[in-house]
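Listed below, chain by chain, are the residues.
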Amino acid sequence: MRRDYDVAVVGGGLVGAALAWGLARDGQRVVVLDEGDMASRASRANFALVWVQSKGLGMAQYMGWTVRSSDAWRQLAQDLRAQTGLDVCFERPGGFHLALGEAELAARAQRLKRLHNQPGAADTSVEVLDRAAVERMLPGIGPEVAGGSFCPLDGHVNSLRTLHAFHKGLHLLGADYRPGHTVHDVVPAQAGFRLMTSRGEVGAEKIVLAAGNANMRLAPLVGLKSPMQPNRGQILVTERAAPFLHYPLVTIRQTDEGTIMIGDSREETTDETMLDLSIAAVEADRARRMFPALGKLNVVRTWSGIRVMTQDGFPIYDQSERYPGAFVVGCHSGVTLAANHALVLAPMIARGRLNADLVGAFSARRFDVAKVA
Amino acid sequence: MSAGANPYDVAIVGAGPAGLGAAAITAGAGLTTLLLDENPTPGGQIYRAVTTTPLKERSILGGDYWAGAALVAEAQASGAEIVGGATVWSLDASRELAASWAGTSRFIKARRVILATGALERPFPIPGWTLPGVMTAGALQTLLKSSGLVPDGRLVLAGTGPLLWLFAAQLLRAGARIEALLDTTPWANYLRALPHVPAFAISRYAAQGLALRREVARQVEVVSGVTRLRAEGQGGLASVAFAARSGERRLMADVLALHQGVVPNVNLAMAAGIAHRWQPAQLCWVPVLDAAGNTSIDGIAIAGDGTGIGGALAAEAQGRLAGLAAVAAVAPERLARVPDRQLLAQALARAERGRALLDQLFAPPRWSRLPEGDTIVCRCEEVTAGQLLEAVGIGAMGPNQAKAFLRCGMGPCQGRLCGLTVTELISKARGVAPAEVGYFRLRPPVKPITLAELAAMAHTQRAVAAVVRE
Amino acid sequence: MLRRLLEEGQRVRLTIDGKPVTACVGDSVAAAMLSCGLRYCRTTPISGEKRAPYCMMGVCFECLVTIDGINNRQGCLIEVREGMRIDTQLGRRTVE
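Protein chains in written order, with this note's numbering: chain H, 11 to 383; chain D, 2 to 471; chain G, 119 to 214.
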């Protein structure tokens, strides 16, 4: 078989591109096999938060992993800028989750309590603030805002520029990026793998499946599994405005360009070609109730995107036992975890071994345990 | 205003020739008809302000313009509900429109939808095309029609296509002065157009077109075979530079009017999910239509220049035919009240005669469609041709990845002024056909609406459940 | 940069950047600005470049201006009214 590459990464979104970039920096000969221009691409539809608070209810290790990536993001942003000249505008001013009304605030406080009562929970310094405390930091909140939670580790980034930077970086590192190469089949071979794509065959010693929800289909081909449960989210975005919102919220943030993104809907559907304008109306309404001044802004675009979501919402990182050298990497938070993927996970894959202390909890074997229990 | 529960028989978007023709037929047959247009008064771009123009001296704008008055009157008398200043910003496969007027957005259901959203001028991305003082010829023509305004100071016209000559003639009749008309029609186009001469010769365009050229050429310096056109100036237009047979030239100018044809305005149709295809003769996207004018979505038809450029008379005939199809679908018993299909089809055939020659003759040259280097492609986000080519170089196969990398097409115009350029530049860089490159994925709102307007729209239980979580 | 062929139209009074001017009934805001000698109507939110109305048919968004205190309105689609306050749109709009 042809073994042109050390590693073939399947998927050129934020997860695949971050891993490929990390692998290429590690000296690996990398090929990235990606879909075409119209692919369902969460990396082009996400909310761009680097987010810590509220992550990890049901798996304390995920909290620690998230905090670690959030801490590493500044380094990643510096490295990308030094290499590509692109400023991905990472900022970590802390972030809010606002509650409209006392009932929402109580529910929020309860959820955070459950999260932090878990054994092994990481310290995120999240605190629940009353209205007066919120208003000191976020002037302009509407009368219905009862309070909210604030976590100083939360931040955001320009995720589209991050995708651009990874791709530019891959190019500069001499990695081979092949768009329009949808992978149909993966065949384990003597020493490595053969990948059958819509534009021919590619051989590599190792493979990394980073194909988002398509990991569900691809993982079993190499003795892995990746149970997914995708859902749809919708986002609206306004025209550019002068700086007005100095902290990101889980549902509203102002980008470095000045546009204001509003989002965080969730529906059990996977058709991203259409969207539900009533959902956009509810999102707009809540945004306006949080910040009445937003009402005057023009909404210039809306979009829907399919979230990459594992069945329990936590990352899946595994190496195949039957076919060593085959890895699967899938998670919802491709932006938040990009620093870990590029700086921590990629070197592990390059060495051919996932460090169980760091990422053992994220093996898909946990789904077997759940079934037995 | 009908409530959503009580839908219209027919909703028509756009009150130009196609929309007016369609409304005249459907409302005339007794169908409840809603005709929405973004402009305050009906007429579209071609019959812009035909009911309100201050230019009462008919010879200035010409007989073809004033013919629109009768069509507007017919539609107004038909019983159609005509709403001006109404922006349709969404349409979906269930034929639900979202439209904004008088500061409020509402959903409107219709049993049939006819899109008559017409055309817009093809992007003309030359160096300096964003400078104040550079406008489209159509824009200046609108100012002439609506307000009786003409350029003051040194005016240069540049480009190719019938509208450029018509506008030049209108300006001259109005007493305006034109420094020069820079004709960018490539010599090769004349050869390519030759086979179509017989059909053209018997069309209405032939005599008219030649007469216009003579009228203009008598009074204005016409420079043929112009290439390397640039607008120059700091913070505003100061001069126009170009190459011609006689060599490089530079003209001082206060206003530059650019035009290289018109292309379908596809944003609403594409955002609705209607299938489109690349039309190589007109170098643009057109909707995929069946013989009756139906799109890929049941109950939605497109008529007029939005289906491919055919001009005002063809648009009107297409609009009437689409209206007739709507009557046949909604209330076939009323077909006796509408004109004979055969007659309309003949009118359409007459109007389309000669179009093939115009397409060949006025096909814009490659240099004025495919900019290079620092020339701006996306005006909203200030993305240059060079940046776009660099994005292709690192793997952006199509407009959507390029948009993600660079924000081209992400501004308020939503790609209307850069989309064709982006597709064609990527096509050239990759060496594949535009059809393979594709286009931006468009989404509602196709025109901006305020957040407050959006927020005030209906909140379904399902929508609330999808957004409000702990 | 534009002149009026006919001067007999019914006039409305408005202000552009605080300066009192007149326009004709039926003029769009963009037409009124150009007829009053303005060369540009906005600066872009990115480079700050000056821009002027380009298409006059609602598709290019170059004619964005502030009308009666509301930012980023399409001047070519809105008709002038007596007493209207029109202001050049400088860069990004504000949120107030």
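What the hints contain is simulated information worked out from the structure, not anything from laboratory work. A couple of the hints might just be wrong.
Covered stretches of chain H (in silico footprint by chain D; criterion: 3 or more residues with CB under 8 angstroms from a CB of chain D, positions within the stretch not fixed) [unchecked claim]:
1) 225–235
2) 274–281
Pulled a few chain H residues facing chain G out of the computed Cβ check, cut under 8 angstroms [said to hold, decoys possible]:
3) Arg250
4) Asp266
5) Pro302
6) Ala303
7) Lys306
Don't be surprised by glycine CBs; every beta carbon is placed ideally from N, CA and C.
These are the hints, each one checked on the structure:
{"no.": "1", "hint": "225–235", "in the structure": "violated (count 0)"}
{"no.": "2", "hint": "274–281", "in the structure": "holds (count 4)"}
{"no.": "3", "hint": "Arg250", "in the structure": "holds, 4 angstroms"}
{"no.": "4", "hint": "Asp266", "in the structure": "violated, 12 angstroms"}
{"no.": "5", "hint": "Pro302", "in the structure": "violated, 10 angstroms"}
{"no.": "6", "hint": "Ala303", "in the structure": "holds, 5 angstroms"}
{"no.": "7", "hint": "Lys306", "in the structure": "holds, 7 angstroms"}
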